[in-house]
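**Q** Residue-level listing of the chains:
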Amino acid sequence: SQQGEEDPQALSIQEGENATMNCSYKTSINNLQWYRQNSGRGLVHLILIRSNEREKHSGRLRVTLDTSKKSSSLLITASRAADTASYFCATGDTGTASKLTFGTGTRLQVTL
Amino acid sequence: EAEVAQSPRYKITEKSQAVAFWCDPISGHATLYWYRQILGQGPELLVQFQDESVVDDSQLPKDRFSAERLKGVDSTLKIQPAELGDSAMYLCASSLGGGRSYEQYFGPGTRLTVT
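The listed protein sequences derive, respectively, from chains F and S. Counting in my numbering, the first sequence runs from 1 upward without gaps. Counting in my numbering, the second sequence runs from 113 upward without gaps.
Hint data in this document are derived by calculation from the structure and do not stem from the laboratory. Please note that the accuracy of each hint is not assured.
The following label-pair restraints were derived from C-beta to C-beta distances [claimed, not checked]:
#, chain 1, residue 1, chain 2, residue 2, range
1, S, Thr188, F, Thr94, 27 to 33 Å
2, S, Val166, F, Val44, 22 to 28 Å
3, F, Asp7, S, Ala130, 39 to 45 Å
4, S, Glu156, F, Asn38, 15 to 21 Å
5, S, Arg121, F, Thr67, 19 to 25 Å
6, F, Ala82, S, Glu113, 31 to 37 Å
7, F, Ser68, S, Asp186, 38 to 44 Å
8, F, Thr67, S, Lys183, 38 to 44 Å
9, S, Leu182, F, Arg50, 31 to 37 Å
10, F, Thr111, S, Val167, 20 to 26 Å
11, F, Arg50, S, Lys183, 28 to 34 Å
12, S, Thr188, F, Pro8, 37 to 43 Å
For glycine and all other residues, C-beta sits at the position ideal for the given N, C-alpha and C.
Whole structure, please, built from the sequences with the hints as guidance.
**A** Laid out in structure tokens, this is it:
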């Protein structure tokens, strides 16, 4: 079963623009992670934010977490063609924090 | 850089046949995960191991799927018999475990097609 739901399902932007993806989830969490998946390949971890954190940065990535609204957002600044991929949020269970439940994903297309 | 290894990368099998996938996690990673990913969806956890013990297999269809990690290192996921609905990408991931890190490292996956 999918815990998270990403919005939008698909996003198309031009190189240099910012991309924002949102994730909503249903139950209390220990942590929330974002992963990237290039077409037909494995997932790559991008960033982890704990339930007691509100914002985190890593390079061109900025993640926010609002536990009261059960939502998170991923911002990619100054996007590049190489950022074209599917992006998934995944929530870590409060009971077993290492157990992740993935969302449905956002497909990002960055054009030149 | 250490990687999670999976084989085969692609597998085509007929329904009712048996199929097996192999995964070798990053050395030193105590936790190993098997996921199934249907096209257009996010990965769904099938089974989670901590060393050689199963931590969670609540979503594993136990009538046809089995998983083992006998020595707490590499792991095998088996389907017998395969059904048409099993066509999907099967992903293996590993993490340090023990509460030290929740970041998961994924292998390239095995794409299964059941005909």
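**Q** It remains to establish, for every hint, whether it holds in the given structure.
**A** For each hint, the structure was consulted:
no.: 1; hint: S/Thr188 <-> F/Thr94: 27 to 33 Å; in the structure: holds (31 Å)
no.: 2; hint: S/Val166 <-> F/Val44: 22 to 28 Å; in the structure: holds (26 Å)
no.: 3; hint: F/Asp7 <-> S/Ala130: 39 to 45 Å; in the structure: holds (40 Å)
no.: 4; hint: S/Glu156 <-> F/Asn38: 15 to 21 Å; in the structure: holds (20 Å)
no.: 5; hint: S/Arg121 <-> F/Thr67: 19 to 25 Å; in the structure: violated (39 Å)
no.: 6; hint: F/Ala82 <-> S/Glu113: 31 to 37 Å; in the structure: violated (18 Å)
no.: 7; hint: F/Ser68 <-> S/Asp186: 38 to 44 Å; in the structure: holds (43 Å)
no.: 8; hint: F/Thr67 <-> S/Lys183: 38 to 44 Å; in the structure: holds (40 Å)
no.: 9; hint: S/Leu182 <-> F/Arg50: 31 to 37 Å; in the structure: holds (34 Å)
no.: 10; hint: F/Thr111 <-> S/Val167: 20 to 26 Å; in the structure: violated (43 Å)
no.: 11; hint: F/Arg50 <-> S/Lys183: 28 to 34 Å; in the structure: holds (33 Å)
no.: 12; hint: S/Thr188 <-> F/Pro8: 37 to 43 Å; in the structure: holds (38 Å)
Hint compliance for this structure: hints 5, 6 and 10 are not met, and every other hint is.
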